[in-house]
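Asks: These are the residues of each chain, in order.
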Amino acid sequence: MRHSISVLAGAAFVTAMACGGGGEQAADGGTLSGAIEIDGSSTVYPISEAMAEEFQIANPETRVAVGVSGTGGGFKRFCAGETDVSNASRPIKDEEAAECRANGVEFTEVRVAWDGLSVVTNPANDFVQCLTTEELKRVWEPGSTVDNWSQVRSGFPDKPLTLYGPGTDSGTFDYFTEAIVGEEDASRPDYTASEDDNVLVQGVQGDPGALGYFGFAYYEENADRLKLLGVDGGTGCIQPSVEAIESQTYAPLSRPLYIYVSDRGLAKPQVEAFVEFHLQEGADLVRSVGYIPLQPEQYAEELAKVRQLASGAAETAPAGEAPVDEAPAGEDTTAVQ
Amino acid sequence: MSVERHSLEAPPELVARRRRGKVFQYLCLSATLVGVVTLVVLLADVLIDGVAWLTPTFFTEFPSRIPARAGIKSALYGTVWLMGLCALISFPLGVAAAVWLEEYAKKGWLQTVIQTNIANLAGVPSIVYGILGLAVFVRWMVPFTGGRSVISGALTISLLVLPILIIASQEAIRAVPGSIREASYGLGATKWQTVRHHVLPNAMPGILTGTILALSRAIGETAPLIMIGALTFIAFVPDGPRDQFTVLSIQIYNWASRPQPEFQHLAAAAIIVLLMLLLSMNALAIWLRNRHHREW
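Line by line, the protein sequences give chains P and W. Residue 333 in the working numbering sits at position 333 of the first sequence, and the numbers go up by one each step. Residue 151 in the working numbering sits at position 151 of the second sequence, and the numbers go up by one each step.
With the rest of the complex left out, here is chain P (with noise of 0.2 Å):
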């Protein structure tokens, strides 16, 4: 009997220290360590994903971790100073800012990519070419009833109306309710909705009456199957292209991503170094993930922004830095880079 309680508390014990002691000493290697908190964005996050991916694997030291607590979540964290960097498929809100100014956090604002948004439909819908956004509103806001194309627009032929777009855990939801309902989230429920944009390519492409949303790089990958719809922000029907995007003229559907970075973040030299790989190298992962990157100028732009800041935050302490959104661009930004 006496046994028992040694041997089964020793079993105990060695399982436990087992258990504990999984750490594992990284190999030396690189020059760069230390911690990188990012936190945010689900839409900016597979960048962020990416080039955290590619960083660590360039620089096996450092330690990046990526949350997605979505754009508000994290700048809450953000203006808390638990992250470096915060993600954000919108700019800053007044009281956002004021939250950080409050608790100290100076930060800068740095784009990263474009995001742009496809209406599409059955290709063998030949009477839209182009919808207006009180159109798309009238048909996606809560509530809404219509389910003829009758409804949309008059002179539209009598035909089935049938709906696929993005489930409410997508940032293409989000952003899609934001810009043409007028509030985020807000949408009518009785659509196919997935997470898969795959699925939703192959629904528009199974349905003649089919109407859909997602975003553009999807569109782009079954441009033969689908019919990609021009949209009318109220400066006449705009068709989404690469171009269209990044000058903003398609308009509401395309808008830049961000990450944020806080002074405090950028005296850092990993999360400097992260950054720059962001404007440097992350063009092509951009563009892997399904975004449109910035043009190699803006990111040059971007990237003396940030160099500025951070020669500034090792010299003097970080104070006072306001953050600015678009830098002066020019011949003295390319000649930084």
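These are computed hints drawn from the structure, not numbers from a lab. Idealized CB from N, CA, C, for every residue including glycine. Fair warning: there could be bad hints in the mix.
Unchecked claim - So, partial list: chain W residues that the calculated Cβ filter (under 7 Å) puts toward chain P:
id : residue
1  : 64
2  : 232
3  : 234
4  : 242
5  : 244
Said to hold, decoys possible - Covered stretches of chain P (chain W as the covering partner; in silico rule of three or more C-beta atoms under 8 Å from a C-beta of chain W):
id : segment
6  : 44–50
7  : 56–65
With chain P's structure known, arrange chain W on it following the hints.
Replies: This is chain W only, laid out in the frame that chain P set:
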């Protein structure tokens, strides 16, 4: 009399009653099969989906956006860290609480209140513990826990398993016959000596079984960990309890929510690993119970 009765033709109402009995029996059987068949289908589906992805590199690679080079290294290490720390925290607390409640506490209102509360806590949804963990361990105790760290997660999960562990330990201690304690006292042993040398050794198999079962419940927990912020892309292994982490259940959630079919296969493969861990823990619990089972 009754023998004669049986040899007679059964009256129609008896036949009807027996038929109803049979119907009930088959209803119960089909109710059982619903659960079993669902489980078998689920397991088969997961196995077909994931088995081909269970390569050695699956265990040695970090998660990646490129399915072919994705693995569960950080999630596996995180799970082992979390469970190890959780065992270290919850085991002594749970056993000590059970010993106090069974051996020391006087029967009275205080003991009743505590006992009722423990029983209620065992039924609290895990997300509630997540919210508590976020407020207390992640935010309030930052200087100690380092925020969204393994130790914060382990403390949160420990709270979750403690009630189950206490109740299981209490049952194990209660199963030790009073005669053993009395014999010990009769030989002049103090209370502490009795507990240390007789009650605990005899209750230990039951306590360990309860502990392992409680931990195997915790190993699949996702909601409270998402709450405390473990839903992150982590491509490193924790070096200490204050490092950030991810666990298998969260890695599965992450992969399963992606559109590409390859990630569904990865999720299935990770589910297989999680199930293997869980089944081996349960097997260990059963083995312990059978090996040390004794009749008094």
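Asks: So, for every hint listed, does it hold in this structure?
Replies: Hints, one by one, checked against the model:
{"no.": "1", "hint": "64", "result": "holds (6 Å)"}
{"no.": "2", "hint": "232", "result": "holds (4 Å)"}
{"no.": "3", "hint": "234", "result": "holds (6 Å)"}
{"no.": "4", "hint": "242", "result": "violated (11 Å)"}
{"no.": "5", "hint": "244", "result": "holds (5 Å)"}
{"no.": "6", "hint": "44–50", "result": "holds (count 5)"}
{"no.": "7", "hint": "56–65", "result": "holds (count 4)"}
Figure legend: structure checked against the earlier numbered hints; the only hint not met is number 4.
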